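Trainee: Those sequence lines, one after another, are chains Z and Y.
Quick note on numbering: my numbering labels position 57 of the first sequence as 60, and the sequence is numbered without any gaps.
Quick note on numbering: my numbering labels position 147 of the second sequence as 773, and the sequence is numbered without any gaps.
None of these hints come from the bench; they were simulated from the model.
Just so you know, these numbers come straight off a predicted model, no measurement behind them.
Among the clues, some could well be false.
Stated by the list, open to error - According to the in silico footprint, chain Y covers these stretches of chain Z (three or more CB under 8 Å from chain Y): (1) 14 to 27; (2) 30 to 37; (3) 44 to 50; (4) 53 to 59; (5) 64 to 75; (6) 78 to 84.
All C-beta atoms, glycine included, are put in the ideal place defined by N, C-alpha and C.
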Amino acid sequence: MRLGESTLLIRAAAEARDLEALELARRERDAAIASLGGLPPSEELLTALRESLAAGEEATRALRLIKQKIRQESGRLAAIEAVFLRALREPEARHIDCQG
Amino acid sequence: MNLTGQYATSFQQILNKAVQTAEVPLTELQQADTQVLAQETALGSLQNAVAAVTSSLTALANDGSSGAIGATSSNTSAVTVTATGASQPATYTINSITSTAKAASETSLISYVDSASTPVSSTGNMQLLVGAQTYNFTLANNNLSTLVSQINGLNAGVTASILTTAGGNYLSLSANSTGATTVQLNDDPAGANKNIITSSNQGSNAVFQLNGITISQASNTVNSVIPGLTFNIAGTTNIPVTMTLASDSSKLSNDLQTFVTNYNALVTAVHGQTGAGGGALVGHSIINQLQQAMQRITSHFSSTTGSVQSLADLGVTFNGTDGSATFDPSAVSSMGASQLGDALKFIGSTSTGLGTFSQTFAQFSDPITGLIQTEIKGATTQDQHLQSQISTTVNKINAFQQTMASQIEKADTLESEYESQQAELTASIQGLSLVLYGKNQIVA
């Protein structure tokens, strides 16, 4: 895959905040970078490199946002669970001895 | 739950769905369980209220079937009496009481200066006699404290203690129950065999004559001589004491008052489970069934029971607005023997007359087979089922949490790999810029 195509993949994955897609794009970019050695120096190549560099910045920003979101939702789940478990314990005191 | 999703799917949407998947059923389960527990609690309270009414109706039914027999004594300082199920009027005479039952209680013949060191035995070998029982033992330490401790450890039906006086420490031995007996403590039973405690109070039996028959027994409580009557010997007398079993309007009056009190508590409990703002049992069929049973009892009428044909004739009236009952004790206290007989006939027994309602209400309140207990069992089962579902959901939440933790780890790794690529690309840009323009250029 050419570097330009991997750049498109990175941008789409970053926009979608899709972790798996970002992982796939990174692997494609790795392959593209590995094949750069056989290309002659050119303005087009420099432009492609610059665009890939910018897309990489988007990817790392997206990854930080993803982590932040996961932590927020994890906290929310923990809060739901804590409130719920507390509510579960409280009704025990309301049981009465029906046998008198 | 797949948290990574498809390429074009918003990660936020996936996360939201995951949280909602956990949150919605938990909320619903919590609400359902809260309702079930509230019903269970309300049913328990209702069961207690109905059981109290059942109990008071049973007491009334017993009054009806036994003639509301009460017991009286002509001399309560000598004999107290309690009717315990007698069903026929009767009179008994205690001709005389020559002795009340007392527990044996003796003390050591001598005092001991120091309870922890002064010897109490010549050899350390002792023998305790209590009635026909013999207990031989050897003192671990030859002193009063050890003696007391070892006697109490024998569980011989006596309690040992130390009496501390200005003249020294004495051993006290008291029988744990009344009745004439032998309490003796011998020192050196194989040799001198000398009793070291007094023999002045070896306990006594209650001795009395009942209808001319002499009775001697260890306890002052007499509950196995006259069926349905228990009496207690309280003092000696040579003047005959009459014990009378007869219909007692005050017993009936007390039981009617108890019924009214319990009935009103049930009225309050049922009202609390009806209408807007009612409790967890609003609309529950058991409330409707109870209301019908209560209605039947208020309107119970018998045309074959003489002067007493309704609860109103017994002084029990019902408020037409809230259904509560009121009792006028004068209606019963003013009854003559004939009217009292009619009243007892109206009340009947657990299988006839008003008393049959004890069975009706027992069908609700029976702690094993009652309708309310059946509902409580159902609620308990439902609660257990909900708790199980809740546990499953909580486990799912924990699984979500683990997935999220692994996603963060994966994102960390990926970020590091991207940064590595960025460094490589930056170097490539610098190299290519140098080749193309003879200088470094990084930013696009």
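Trainee: Now tell me, hint by hint, if it's right for this structure.
Mentor: We went through each hint and held it up to the structure:
Remark: the region 14 to 27 of chain Z is confirmed as covered by chain Y, as 11 of its residues place a Cβ nearer than 8 Å to a Cβ of that chain, reaching the required three. For the region 30 to 37 of chain Z, the assignment as covered by chain Y holds, since 3 residues bring a beta-carbon within under 8 Å of that chain's beta-carbons and 3 suffice. Here's how the region 44 to 50 of chain Z fares: 6 of its residues keep a CB closer than 8 Å to some CB of chain Y, so the rule of at least three is met and the hint holds. For a cut-off of 8 Å, the count of residues in the region 53 to 59 of chain Z with a CB near a CB of chain Y stands at 6, and the three-residue condition holds.
Counting residues of the region 64 to 75 of chain Z whose CB falls under 8 Å from any CB of chain Y gives 7; the rule of at least 3 is met. Closer than 8 Å: that is the beta-carbon criterion, and the region 78 to 84 of chain Z has 5 residues meeting it against chain Y, so the requirement of 3 holds.
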